[in-house]
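Note that the protein sequences, when read in sequence, are chains A and B.
Mapped onto this note's numbering, the consecutive letters of the first sequence carry residue numbers 1 to 670.
Mapped onto this note's numbering, the consecutive letters of the second sequence carry residue numbers 1001 to 1321.
If you're looking for bench data, these hints aren't it; they were derived computationally from the structure.
A virtual CB, placed ideally from N, CA and C, is assigned to each residue, including glycine.
Hints may contain errors.
Taking beta-carbon pairs under 7 Å as the criterion, some of the chain A residues facing chain B (in silico) [as the list claims (entries may be wrong)]:
| # | residue |
| --- | --- |
| 1 | L576 |
| 2 | R602 |
| 3 | T606 |
| 4 | G642 |
Label pairs and their computed distance ranges (CB to CB) [claimed, not checked]:
| # | chain 1 | residue 1 | chain 2 | residue 2 | range |
| --- | --- | --- | --- | --- | --- |
| 5 | B | T1216 | A | S525 | 22 to 32 Å |
| 6 | A | D229 | B | D1159 | 51 to 61 Å |
| 7 | A | N406 | B | K1214 | 42 to 52 Å |
| 8 | A | V594 | B | S1228 | 43 to 53 Å |
Given next are the chains, with one letter for each unit.
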Amino acid sequence: MHNYEQKEAVRIGFYICHCGHNIASIVDVKAVAEYVKSLPGVVVSCEYKYMCSDPGQELIQKDIHEHSLNRIIVASCSPLLHEHTFRTAVEKGGLNPYYFQMVNIREDVSWVHTDAKAATEKSKDLARAAVQRVFHHKALETKHVKIHPDVLIVGGGIAGIHAALTLANSGKKVFLVERQPTIGGHMAMFDKTFPTLDCAACILTPKMSQVKNHPNITLWTYSEVTKVDGYVGNYKITIKRKPRYINEELCVGCMDCIEKCVYKEGKTPDEFNVGLSKRKPVYIPFPQATPQIVLIDPEACIEFKSGRCKKTCVEACDRKAIDFNQKEEMKEIEVGTIILATGYHTFDAKRVPFYGYGKYPNVYTSLEVERLVNASGPTGGELILRDGRHPKTVGIIHCVGSRDKNTNRWCSRTCCMYSLKLAHLLKEHTEAEVYNFYIDIRAAGKSYEEFYDKLLDENVHFIRGRVAEVSDWAVRSSEEGKLIIRAEDTMIGIVRRIPVDMVVLAVGMEPQSDSQDVRRLFNISCSTEGFFLERHPKLAPVDTFTDGIFIAGACQGPKDIPDSVAQAGAAAAQALTLIDTGEIELEPNTAFVVQDDCSGCRTCLTICPYNAISRDEAKQKAFINEALCKGCGTCVAACPSGAIKQNLFEDEMIFSEINGLLENTPVVCC
Amino acid sequence: MPEKPKVTFYWCASCGGCEESVVDLAENILDVVAAVDIVMWPVAMDFKKKDVEAMEDKSILVSMINGAIRTSEQEEMAKLMRRKSQLVIAYGSCAHLGGIPGLANQFQREEILQYIFEESPSTVNPQKTRPERKVMTNGNAVTLPNFFNVVRALDQVIDVDYYLPGCPPTPKLLKQALDALLSGNLPEKGTVLAPDIALCDECPKKDTKPSDLKFTEFKRPHLVQIDSATCLLAQGIVCMGPATRGGCEGVCISGNMPCTGCFGPTSRVKDQGAKILSALASQVEAKDEKGIDATLATIPDPVGTFYRYGLPISLLRRKNF
Ligand SMILES: Cc1cc2nc3c(=O)[nH]c(=O)nc-3n(C[C@H](O)[C@H](O)[C@H](O)COP(=O)(O)OP(=O)(O)OC[C@H]3O[C@@H](n4cnc5c(N)ncnc54)[C@H](O)[C@@H]3O)c2cc1C
Ligand code: SF4
Ligand code: SF4
Ligand code: SF4
Ligand code: SF4
């Protein structure tokens, strides 16, 4: 049982705020103050123009001293806005800040009512509820937790790379975990980037090698986070390092083993080239892969499948780096903050079968074309179609899997721009005629509209209309052997048939297919589409609802490289702020299990959305980790024997508040 | 020899089981009889109302009143016992919580009378005769007490000092209560004389209760072969144990029957039914409305299941008499 530490008489100070005209124009603040004066326990009751102003706060402090007040109530705006202000004022007046209670008569009363009389009565009811509540308030201690200075970054695309370097350069230790054998993400696959057309590799690879060589960065590629325990400032992370079957300490990336592999030609579709080429069982994703370490794919390797390979690779490696017995390894680390930069996934073009992807060999996705035009791609940058021809006409279809209620409703934001980029690159590589089929051109970025203008000058054709179908059904001789794009040209109001040699589908950006698992692992939320949810769309775009976990890049929503980098910088700054503060205050509205009252019924154990509740097996009772508890109250409601209490929301407080609220309400009987 | 403390046992709307439980003290009853002077016990001894009326106020040490208050006569007697006694103990679930009779609060007085005197399958009453409150026989007026619209727990009618929970209370708890009374070693007024922790704490099946029950359906005890080694909730049978005060030593559970909640909630809980509901509902496997509805539909009588003893004192209670 809990004893009230404070047995002295309750002396309440009540202050009602005019908020200029915001409140006072509807609520008769004088009448409310007069009324509250008559309530038991109230010593001071007055009104003031702006309670949140310095004089307003000083008024409270002065009264605490002069009238020995030990409870303070302010009736004004939403606690979200000024609860902190007033708690601090009360604390400065020498009182524990949790003896304060706020009544919202602005958002809840004056802004939503027009009947002044009723609004005044409602304000009185709310004030009376607070007066009855504060009798049960207790002094509470604000807890502080230390922030571990190390940071975990998940995902080594451009966002993860940028965040890692920013933090590492400021002296923080960073663990960068990437699940592919190399960092770089999608950007590493591109030839050039819009709108400046600078070469992606030229700007990305230096950053990749900085990551590799930075003394403050521990880079773990081919690895995944499997477990997340703890709370802000004190996360315990378990990471699985998948076996590469190559000793990373020994391999220098000479690739002799690849050359000497018993396979003279690759047989396995090359993931990095989106299947446009084949790789050997021992491989490196691309020449500048970081780290420069090869790996063996056990699914493809003869030694793994039959144990009867000549193992020419082992012979070839004079550093003895190949180790067929390597096992997966688990690493445990402690960090204080986490940045998730897990990126996106491109829309599966097969979901719109009428565009013929997978059916007609010369229909490509944009990502495939990124590789085709890339000097280090499967064709060395020469644009050769799957049937060996060079295209003379190309059609680029925008919004594939975007802005479409049958697939994804959202605009993927980057595809207009990368389609323009690809149009330019295709023309540069082939001198083909290029048609862009678009709904709207979304070129809202710095120098983006100018890039679009430039493309118009390059004689790229733009047809405004959603494409109905891609087929090989020729009705005219000029269409023989071509792919025919049928679309309504909404500018001239006719349906057009454009025969082309190559179709490029500008596939949209989607959440990673495992985003829900990752979300659960890290205990954050996703928006309905499945992108990670930010704490506030405008004012906290890289924070999540879980303290100490930040998001950056395309995992939060479709965005291009400049925006991803900006977010990565912001996430790094947020992490730095926490780290440099050293510790954070925890709101004491946490729940706790009164040990003597707990029957060990286990009801609460699985329902906490923040995994704050565990069972002490020796005592057979439940236990709440207060640092993890967010004060959501779920367990308090669920505990069938009332063994869980929540600071600031104890039953006595809530029921006295309800009673106070309803006291003057006539009971209607059935 | 100093006068022995006076004790009464009285019954209101109850089944008589509580009276039995006093006899269940077995040989201990002899000690009780030796130590006290029973001055009123309608079920066992022939004292009349006027005998009690004749006593001085507060001359009785303790009155143990079982049963809920359904009629004006019960109310009158409860008030009389209160006046004459230093202490009143609400004895058993009906006095404590309203009990099984309290389930009648789902219906209006008129609905009840109509059913009993006209519609029930065993009623043959073509004239629709109803009992009269007052009848003259041989020049004497015979009166019946008033049948209230609402069933009340004892403390909704008179001031109560202690509660002895259970349907009926166990001999062990009665013995402890009597010892405390006679030794004057009494807890704070208003205390329920049983442990203030839920039944799971002392349940012999406790170790087998899983953390995540994942209910897909609720089963009724008479329709399944109950595994005596396993927690009943784990077998899909509604057990009120997690929301019910312990102290019964799990008599029902040991007999392979689920706890039905007769000890009422712990002191910290205002509404036992709401509490078990929120506990069980949070463990229903289905997460969509249809699936949830289908699971909950397997409980045919939710009020009778979750508020079997406590409807009159619950937040759902009815106020008009
Ligand atoms: C065809 C195409 C062309 C584009 N061209 C341009 C352009 O020219 N200019 C431009 O500005 N933008 C362009 N974009 C957009 C650009 O790709 C994105 O803005 C950018 O890649 C986002 O970076 P990111 O780091 O957030 O995500 P990504 O590049 O997707 O990187 C995410 C990384 O996280 C890793 N990862 C994912 N999940 C996990 C996990 N659970 N554990 C560990 N690691 C994980 C992934 O393997 C990946 O390496 C283009 C997009 C497309 C589809
Ligand atoms: S960016 Fe352009 S192509 Fe991409 S979804 Fe938006 S409008 Fe469509
Ligand atoms: S109040 Fe919410 S967050 Fe805290 S322990 Fe209970 S269920 Fe978890
Ligand atoms: S629900 Fe309540 S009684 Fe049951 S284990 Fe949790 S704290 Fe204990
Ligand atoms: S729920 Fe019932 S059977 Fe299960 S442990 Fe609790 S009291 Fe025992």
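The hints, checked one at a time:
1. Proximity of L576 of chain A to chain B is violated relative to the hint, the smallest CB-CB distance being about 39 Å (cut-off 7 Å).
2. The beta carbon of R602 of chain A is positioned within 7 Å of a beta carbon in chain B (closest approach about 5 Å), and the interface hint is therefore held.
3. Satisfaction of the interface hint for T606 of chain A is found here, the shortest Cβ-Cβ separation to chain B being roughly 4 Å, below the 7 Å cut-off.
4. Because the closest C-beta pair between G642 of chain A and chain B is about 3 Å apart, less than 7 Å, the hint holds.
5. Restraint check, T1216 of chain B to S525 of chain A: a C-beta distance of roughly 27 Å satisfies the suggested window 22 to 32 Å.
6. A hinted range of 51 to 61 Å for the beta carbons of D229 of chain A and D1159 of chain B is consistent with their spacing of about 53 Å.
7. N406 of chain A and K1214 of chain B have their C-beta atoms about 35 Å apart, which leaves the hinted 42 to 52 Å range violated.
8. In this structure the supplied range 43 to 53 Å is violated for V594 of chain A paired with S1228 of chain B, their Cβ-Cβ distance being about 32 Å.
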